[in-house]
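Visitor: Sequence:
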Amino acid sequence: VQLQAYGGGLVQPGGSLRLSCAASGSIFGISSMGWYRQAPGEQRELVANISSAGGTNYADSVKGRFTISGDNPKNTVYLQMDDLKPEDTAVYYCYARKWYLGDRYDYWGQGTQVTVSS
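With the numbering used here, letter number 65 in the sequence shown gets 65, and the count goes up by one each step, no holes.
Treat the hints with caution; some may be incorrect.
What the hints assert, rightly or not - Taking lysine-lysine pairs in the DSSO-like style, the calculated list, with each CA pair at most 27 Å apart, reads: (1) 98 with 74; (2) 98 with 63; (3) 85 with 98; (4) 63 with 85.
What the hints assert, rightly or not - What follows is a list of derived Cβ distance ranges for each label pair: (5) 73 with 42: 30 to 38 Å; (6) 82 with 54: 26 to 34 Å; (7) 13 with 105: 19 to 27 Å.
No wet-lab data here; the hints were simulated from the structure.
Heads up, the beta-carbon is just placed ideally off N, CA and C, and yes, glycines get one too.
Between the sequences and the hints, there should be enough to build the whole structure, so can you do that?
Guide: So, in structure tokens, the structure goes:
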């Protein structure tokens, strides 16, 4: 599975950005996709994910501000980020997850920088 992430950049507090992540290659069997982020000096944390059935999950810190959605025909997931705060500044990583015979396989895209600053 190859993942290509798009979006990111510099935005002022209160602004919006949209991240995209397109999956290609051996995409059969992907059970979920989503985004993690990692700020300098911090551990990587889950931001949001979406299952193949459409179920979504969000970190408490982004609930009500971020929305994850999927476009199955395009094998793409989107992360709409609204009301951005300086603490959202981080490198955002797209991932895709498969399960096979009880083992979990995670695939990662390249990180994309999101900077929220005035």
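Visitor: Each of the hints needs a verdict: does it hold here or not?
Guide: Hint check:
1. As the CA atoms of residue 98 and residue 74 are separated by approximately 18 Å, the hinted pair is consistent with the 27 Å bound.
2. With a C-alpha separation of about 25 Å, the suggested pairing of residue 98 with residue 63 holds against the 27 Å cut-off.
3. For the hint pairing residue 85 with residue 98, the CA-to-CA distance comes to about 32 Å; that exceeds 27 Å, so the pair is violated.
4. Restraint check for residue 63 and residue 85: the C-alpha separation of about 13 Å stays at or below 27 Å, so the hint holds.
5. For residue 73 and residue 42, the hinted distance range of 30 to 38 Å is satisfied, since their beta carbons lie about 35 Å from each other.
6. Checked against the hint of 26 to 34 Å, the pair residue 82 and residue 54 fails, with Cβ atoms roughly 21 Å apart.
7. For the hinted restraint 19 to 27 Å between residue 13 and residue 105, the CB-CB distance of approximately 37 Å leaves it violated.
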